[in-house]
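*Asks:* Single-letter residue listing:
Number of protein chains: 4
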Amino acid sequence: MSLATTIRVRYQETDAMGVVYYGNYLSWFEVARTEYMRRLGHTYAQLEVEGFFLPVIEASCRYKKPAHYDDELALYALLSVDGLRFHFDYEVRRVDNGELLAAGVTEHLCVNREGKIDRAASKRLASLVQSESSERYKST
Amino acid sequence: MSLATTIRVRYQETDAMGVVYYGNYLSWFEVARTEYMRRLGHTYAQLEVEGFFLPVIEASCRYKKPAHYDDELALYALLSVDGLRFHFDYEVRRVDNGELLAAGVTEHLCVNREGKIDRAASKRLASLVQSESSERYKST
Amino acid sequence: MSLATTIRVRYQETDAMGVVYYGNYLSWFEVARTEYMRRLGHTYAQLEVEGFFLPVIEASCRYKKPAHYDDELALYALLSVDGLRFHFDYEVRRVDNGELLAAGVTEHLCVNREGKIDRAASKRLASLVQSESSERYKST
Amino acid sequence: MSLATTIRVRYQETDAMGVVYYGNYLSWFEVARTEYMRRLGHTYAQLEVEGFFLPVIEASCRYKKPAHYDDELALYALLSVDGLRFHFDYEVRRVDNGELLAAGVTEHLCVNREGKIDRAASKRLASLVQSESSERYKST
Numbered sequence: 032m033s034l035a036t037t038i039r040v041r042y043q044e045t046d047a048m049g050v051v052y053y054g055n056y057l058s059w060f061e062v063a064r065t066e067y068m069r070r071l072g073h074t075y076a077q078l079e080v081e082g083f084f085l086p087v088i089e090a091s092c093r094y095k096k097p098a099h100y101d102d103e104l105a106l107y108a109l110l111s112v113d114g115l116r117f118h119f120d121y122e123v124r125r126v127d128n129g130e131l132l133a134a135g136v137t138e139h140l141c142v143n144r145e146g147k148i149d150r151a152a153s154k155r156l157a158s159l160v161q162s163e164s165s166e167r168y169k170s171t
Numbered sequence: 032m033s034l035a036t037t038i039r040v041r042y043q044e045t046d047a048m049g050v051v052y053y054g055n056y057l058s059w060f061e062v063a064r065t066e067y068m069r070r071l072g073h074t075y076a077q078l079e080v081e082g083f084f085l086p087v088i089e090a091s092c093r094y095k096k097p098a099h100y101d102d103e104l105a106l107y108a109l110l111s112v113d114g115l116r117f118h119f120d121y122e123v124r125r126v127d128n129g130e131l132l133a134a135g136v137t138e139h140l141c142v143n144r145e146g147k148i149d150r151a152a153s154k155r156l157a158s159l160v161q162s163e164s165s166e167r168y169k170s171t
Numbered sequence: 032m033s034l035a036t037t038i039r040v041r042y043q044e045t046d047a048m049g050v051v052y053y054g055n056y057l058s059w060f061e062v063a064r065t066e067y068m069r070r071l072g073h074t075y076a077q078l079e080v081e082g083f084f085l086p087v088i089e090a091s092c093r094y095k096k097p098a099h100y101d102d103e104l105a106l107y108a109l110l111s112v113d114g115l116r117f118h119f120d121y122e123v124r125r126v127d128n129g130e131l132l133a134a135g136v137t138e139h140l141c142v143n144r145e146g147k148i149d150r151a152a153s154k155r156l157a158s159l160v161q162s163e164s165s166e167r168y169k170s171t
Numbered sequence: 032m033s034l035a036t037t038i039r040v041r042y043q044e045t046d047a048m049g050v051v052y053y054g055n056y057l058s059w060f061e062v063a064r065t066e067y068m069r070r071l072g073h074t075y076a077q078l079e080v081e082g083f084f085l086p087v088i089e090a091s092c093r094y095k096k097p098a099h100y101d102d103e104l105a106l107y108a109l110l111s112v113d114g115l116r117f118h119f120d121y122e123v124r125r126v127d128n129g130e131l132l133a134a135g136v137t138e139h140l141c142v143n144r145e146g147k148i149d150r151a152a153s154k155r156l157a158s159l160v161q162s163e164s165s166e167r168y169k170s171t
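First to last, the sequence lines map onto chains A, B, C and D. Numbering of the first sequence is given in this note's numbering, commencing with residue 32 and proceeding in unit increments. Numbering of the second sequence is given in this note's numbering, commencing with residue 32 and proceeding in unit increments. Numbering of the third sequence is given in this note's numbering, commencing with residue 32 and proceeding in unit increments. Numbering of the fourth sequence is given in this note's numbering, commencing with residue 32 and proceeding in unit increments.
Treat the hints with care, since some could be wrong.
Copies of the same chain look alike in the list, so a pair counts if it works inside one copy or between any two.
[What the hints assert, rightly or not] As a list, the in silico DSS-like pairs of lysine-lysine whose alpha-carbon atoms are at most 27 Å apart:
no. : residue 1 : residue 2
1   : LYS96     : LYS154
2   : LYS154    : LYS95
3   : LYS147    : LYS96
4   : LYS147    : LYS95
Derived from the structure by calculation, the hints contain no laboratory data.
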């Protein structure tokens, strides 16, 4: 898994229990995959301009420790491709001590503007991701 | 002002201060104007299908008393039209005792899909709102 | 599973893909369990006043069909207890045709103000839920 | 006004109009004042630990141009004190061309844990803010 970005917990993201509301981790996963793809060399914003979308078909999160307002958090992500399915793993860790707060998964399909699975685009995206991913690892 | 709808405060809407986060009142204003327009006989969803949008150009809210998780709240709204500007007033009150928690305002323009002000549509919408509004008051 | 409540999709809950943002289903699950527990005779708000909290330790959602602005949705829930774990199942369906849009699960522990698992409270809550649940089914 | 921080628009923050939902600007104002106060040398998180809170009593925003997913935005803030009132001004600008997207204001009171206005704390906070503010300007 690689570091996608770091964030600060916003007051808006907390709830009356004094910790981050559980649904907000899914927003952070989205931030993580946005930054992960930017590092791969393809922004998700650009994909949408080209007519491809990656809607979520499944998401899950395990909550280990709560996050609090103003905590600095590191968002980790890893993308793997299985046929037509794009699979992201995530971890949310405290920046100061590396403690794991939550871990999760999202599954995506690659669809066109009409919402139909685009097999050609899926394969192209998969090979793109894989070649760039190996490029990236070669160069480090 | 007329009652648009009632809502229950969601846990997601609270923050670490134990009360509703201040930004969420703007979401409730949107719920209020959606239900207000439905009662006028025109859903905002239908307006969008017809190619009209009412983006917000100004919003404000005064916070009098906090709202808490699971509180039942009444959302009041009133629409007035001033030339090309659509102006909504809102009140958020407790259902159990009528206490005023917040009051606010949003200003909107009527634009087409390209985001340009649509004068014809604005006038049509204004007359629609006004005639139905007076219909409604006649019949009650 | 039993109907917990119905909701309208808020504009705030949609995203640039024109459909409801995937993270918001977790907020709806929370609305569903709030209303489910109210129907069982115990509001979650009251539990918190008594010093018990039900933080989420795991959540997942499968997305079948998108929901759109102003859609009317039915939220279903079912609570089961397994030792110290409180397990909720959920379904989100369209009101007009009953179509299943999403299904999910949350797992909770019962903790006290200090965030420690409260075995006595867990058992009490479990027996409460079970007796009232069977009461409810007897009477229908 | 001084630069508080920069942010990227999250997909979660967009709505079905394809732009950022209007209520989210209030969350960004909160991010701006959090970072502004950190730069003044006092985190808002620390204030809360010390028993002071700055609830919002009034908020407003004028929307000039829409923000889109993945836009990089600069958040500006300025704090001024008027008796017991803490007043923040904000601007949201595009990073790439400096274009003003929105401008707003929030008004706060300084209260203690019981929600009562704390005159002593207000004066102390005011003098703190003013001395550090002038320190900061001297040194630049």
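*Asks:* Taking each numbered hint in turn, which are not upheld by the structure, reported in ascending numerical order?
*Replies:* none
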